[in-house]
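Visitor: As a plain string of letters, each chain reads:
There are 4 protein chains.
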Amino acid sequence: MIIVMKAGAAKKDRDEVIKRIKELGYKPHVIHGTTRDVIGAVGDERGKLVLQSIESMHGVENVVPILKPYKLASKEVKFEPSVIPVTSSLAVGGKRLVVMAGPCSVESEAQILESAKAVKEAGATVLRGGAFKPRTSPYSFQGLEEDGLKLLAKARDLTGLPVVTEVVNPETADLVAEYADILQIGARNSQNFALLKKVGQLKKPVLLKRGMSMTIQEFLMSAEYIMSEGNQAVILCERGIRTFETATRNTLDLSAIPVLKEKTHLPVIADPSHGTGDYHYVAAMSCAAVAAGADGLIIEVHPDPERASSDGPQSLKPKKFASLMERLRKISQAMDRDL
Amino acid sequence: MIIVMKAGAAKKDRDEVIKRIKELGYKPHVIHGTTRDVIGAVGDERGKLVLQSIESMHGVENVVPILKPYKLASKEVKFEPSVIPVTSSLAVGGKRLVVMAGPCSVESEAQILESAKAVKEAGATVLRGGAFKPRTSPYSFQGLEEDGLKLLAKARDLTGLPVVTEVVNPETADLVAEYADILQIGARNSQNFALLKKVGQLKKPVLLKRGMSMTIQEFLMSAEYIMSEGNQAVILCERGIRTFETATRNTLDLSAIPVLKEKTHLPVIADPSHGTGDYHYVAAMSCAAVAAGADGLIIEVHPDPERASSDGPQSLKPKKFASLMERLRKISQAMDRDL
Amino acid sequence: MIIVMKAGAAKKDRDEVIKRIKELGYKPHVIHGTTRDVIGAVGDERGKLVLQSIESMHGVENVVPILKPYKLASKEVKFEPSVIPVTSSLAVGGKRLVVMAGPCSVESEAQILESAKAVKEAGATVLRGGAFKPRTSPYSFQGLEEDGLKLLAKARDLTGLPVVTEVVNPETADLVAEYADILQIGARNSQNFALLKKVGQLKKPVLLKRGMSMTIQEFLMSAEYIMSEGNQAVILCERGIRTFETATRNTLDLSAIPVLKEKTHLPVIADPSHGTGDYHYVAAMSCAAVAAGADGLIIEVHPDPERASSDGPQSLKPKKFASLMERLRKISQAMDRDL
Amino acid sequence: MIIVMKAGAAKKDRDEVIKRIKELGYKPHVIHGTTRDVIGAVGDERGKLVLQSIESMHGVENVVPILKPYKLASKEVKFEPSVIPVTSSLAVGGKRLVVMAGPCSVESEAQILESAKAVKEAGATVLRGGAFKPRTSPYSFQGLEEDGLKLLAKARDLTGLPVVTEVVNPETADLVAEYADILQIGARNSQNFALLKKVGQLKKPVLLKRGMSMTIQEFLMSAEYIMSEGNQAVILCERGIRTFETATRNTLDLSAIPVLKEKTHLPVIADPSHGTGDYHYVAAMSCAAVAAGADGLIIEVHPDPERASSDGPQSLKPKKFASLMERLRKISQAMDRDL
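The listed protein sequences correspond, in order, to chains A, B, C and D. Quick note: the first sequence, position 92, residue 125 per my numbering, numbers continuous. Quick note: the second sequence, position 200, residue 233 per my numbering, numbers continuous. Quick note: the third sequence, position 212, residue 245 per my numbering, numbers continuous. Quick note: the fourth sequence, position 152, residue 185 per my numbering, numbers continuous.
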């Protein structure tokens, strides 16, 4: 950590800072500048954010962290990209892209089975569908809960597609893990640390969505929560951040893909459905995500979007999804990836 | 709800929309414009967000909601400001301002008792202190948990100050409610709907913090979650939103105070400590919040910020807090409020 | 425009609004809702933003515009994509993608000639380079001004590449237009209306960058300023918006590409160099932009980024640029475009 | 400046960086950390942003600036608050607050004279009014231009109030300076460097508005542009930043006031009219700005907001303005200021 002293700070203040750095177990190292001093605190600063409190000391202008606060998620700890096995025949993060597709919510047996067959046929490799739904309104449809999980299992039996579905509460996490192949943590729960710890103790891959106002560093810290509990199988998902722009529901931050690829070994996929909130833009952003280096996609597909209980406006019809898959195959080839 | 048709949409498309509006139980009402038609769907649209799915229909440009999606929190349901009783002698939302003060985390018996005495003496009316701490790093201090709750109770016995502390997990909510007088929901859990429902079932006032990227409408929807479970005692807290500006940790959105006062009967307080992240700016923003019409403040005060386990840089020393209280008394008078 | 009355607004208030709508030359149309009335004002609302002032009237909750405020830039006026000719052999917006490349600033004859040869060889079709530089610091290098323009002209003579360079002041716009083939309006001047009007009167294509906090609608309004002065040759450029994320200098909003393609006939290119501010991410975002449907790219290339007067950290070396062009050719094919 | 090397960077890379630091005229100072080296570059880094280009060098992770890039605006250069004289009897930045009030646009002689008399009577000390209007739509009212300036001069003759009005183009700046007492630079021109340089050469105080997505540091750099041309009479104005929140037109960042007071000697005022975009919230935010330590306010007042050519929804009627002034007098007293 670097402590920047104020211009003209007293020697006494500097000495107090040096003393405090030593107390905390670091080695101080002073650089005398032309207008002010800068003090390096040498040592592993991770997990010791208490150094930040030096900012309260007299004569200190500010404190600049040097090391990244995450370890297990970091490329410094593991350089090679992680490949996360889901089933015996499917893994996320290798040469082959993953495409997770299906409706926002499981609504009925007919709806989920029809969706599953359609996305399977078009080439998707994972079925998505929500049974527990975090909705901004208490008056909106909240999901079929355990009945929804059972229907997802039925769809898996029928198609062979593994299932990804959301976990919203530590209390029901074990129940969801009985049915699901991949546990999804939604954007609104991305800093629900009790929930992150809970899924860190389970033995299932986790699809972690980026929060709406989460920096990339905080995103990796949330992955670190899961990993520090013992579960290394974390798949990151960029799903759009909140900005001033209202033409799209969120702003899909595709630059997060190369940035994450530089900082972490974990696989990264993109969610163009939530990222744009409008089915018109889903195909373009799916192609763009793959060209940006994503390891896969999660896309909302609904047989009858006009009658969907949730997220109708951003869902593709099966036919549009199938033609998107055609285009994605060409882009994958151009990127030396398989689909 | 208003459905805006595309310029030149076919009559067939318009008829389909009209049919769908009727199916959903609304009364359609067409306005023929110069370049396009606009269709009103008359009826109570709250709780029926499914109307939004009309946006997927052919020929529809977009769907504009007219009614606010919250009811219980709305001024249309209850016009008079709510006054939330905390103890027999303290209420939030009346003429008298509330000042909640104390350290970010409960660290030790000495620390919390010293803090409690200091803030009481300066005129604070509620003691704050975290026992369960949601931290962005799994390696940071996570709070003293139940031991922390016991120390808070001891500080209450000593000073008579009621206690506000954070709830982070539905599983430990009952435990926290045994000790606390006010249950705090933190910014990162402001859309943790499982937790909101849980505190909605408890019989204690809830201090609900605004999420970092939460619109005012979403903030009121989170209050609605608590209220729709039966607990009407919700105190809203503006604590800064995330913006591009990095000179402060967050941007304290004081305009949220008059906006909320216009839309809801619930009391509104401000948190200038998290809002700015820097003790230098806490006094100015405390005064500003009261002048903007806040019903109170929650302020971090620590006897030794340079050694705090968390949030040192934004904590006031007791002496500075006492002098701030002096200034706040003058501002309160200017605003025809008591302190 | 739709005027939403307050719940329970008096009949008198509604009558006043109706009267005012008629005064302004519109036809009022009332929808009686269950809790409130909504009044449509039928007529062409563009250019008559004065309707917005009805929001000040008693009993009015808010005013919702229905029509987009731009005309000439709109697809409703011209449905087919515009193809903007630059030279006899180059146009922007057709099947063939444009790649503009070169250094941020023109620094010396050797530097700009070397850059021009390198980008030409790799396949770029336009040379970029700044002669007038808008810098956030008055103490930074401000460009070679007219000498820079002359060097750009020399580089054009040598390579045959047309030149794009920035205009920063109405007073020097004619001078720049003597030398440049495309006039660039930078992000910081994207709402400098005096400058927009000036380039609207010139007979050269304009490359209009999106402002850092500009909505897509405002972006199209700035294009409308240029077009309404008579110059229809506007090329739009997404170059990143300002968000809370600091891992990149800006957040490149690639979803702006499909959104713009839906709303306007003007061509759209992307600037991954300013969009990310870091050369490590430029290749990934270039590929992504083409896959999102961009009509081209503008990329910073410098023979010696470590010694660049400006924007070194985001400039590609010629060799990296050449290998990026290889990849882009593959992606273009996958998108049925030429490069 | 601090150069952070990558973990495990080669000695050769470090040596290259050291060599380059020396070449640029700085003194390198290496701190050997546990996992990586950090190199301080000692010397005055202001005006030499070229150090930033070291970020392109092999083995470098990032470059952290230590010094602020502004000088003349900085408190390090001038510690005492600047008091800017406007007329023989009015100055901005002293104990007495300034209140600038009047309509958004000058619309007619009757309108501006009536406005001037009303705001004078209520206690305003400067008259505001726009003659050249930067509007987002080319089809909106663009101001009365020189005729508007003449009407402002007439209103000044009648009331004795000095006049603040906007400059939008270097070409017409001299003309505006003939009539105005204070030259306003609007938010959209806050990084129009050609215009900043021009008003820096004039001998009139400048009211500089913060741009919609401008950091506080960039705001001070724009002030520095004006000051470095010789004009030290700069009054800063916080007028709201662009965020995700749509309940207000902008988010008035009142924390900018204490932050600016800490960093600069220049006076700071607030604009609650543009900051909120809604007259309902103007009074609350005016009071809050004064309590946050602002040196004054600029407020839109219009005798007939429902018929205003621009900004009707955010303008106060004279009666409401007068009652706000009553409240502001009380708050000023509580803050030990005069009004």
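Treat the hints with care, since some could be wrong.
Since copy identity is lost for identical chains, a pair holds within one copy or between any two.
Below, in silico cross-link-like pairs of lysine-lysine (DSSO-like), each with a Cα-Cα straight-line distance of 27 Å or less [stated by the list, open to error]:
#, residue 1, residue 2
1, K237, K60
2, K350, K237
3, K44, K296
4, K183, K44
5, K52, K128
6, K128, K230
7, K108, K44
8, K128, K104
9, K39, K60
10, K230, K44
The hints are simulated quantities; they were obtained by calculation from the structure and are not laboratory data.
Visitor: It remains to establish, for every hint, whether it holds in the given structure.
Guide: Hints, verified against the model:
no., hint, in the structure
1, K237 x K60, "neither (42 Å within a copy, 48 Å between copies)"
2, K350 x K237, "neither (30 Å within a copy, 44 Å between copies)"
3, K44 x K296, "between (39 Å within a copy, 22 Å between copies)"
4, K183 x K44, "neither (69 Å within a copy, 43 Å between copies)"
5, K52 x K128, "neither (52 Å within a copy, 42 Å between copies)"
6, K128 x K230, "neither (30 Å within a copy, 43 Å between copies)"
7, K108 x K44, "between (40 Å within a copy, 21 Å between copies)"
8, K128 x K104, "within (25 Å within a copy, 47 Å between copies)"
9, K39 x K60, "both (21 Å within a copy, 20 Å between copies)"
10, K230 x K44, "neither (45 Å within a copy, 41 Å between copies)"
Checked against the numbered hints given earlier, the structure breaks hints 1, 2, 4, 5, 6 and 10 and satisfies all the rest.
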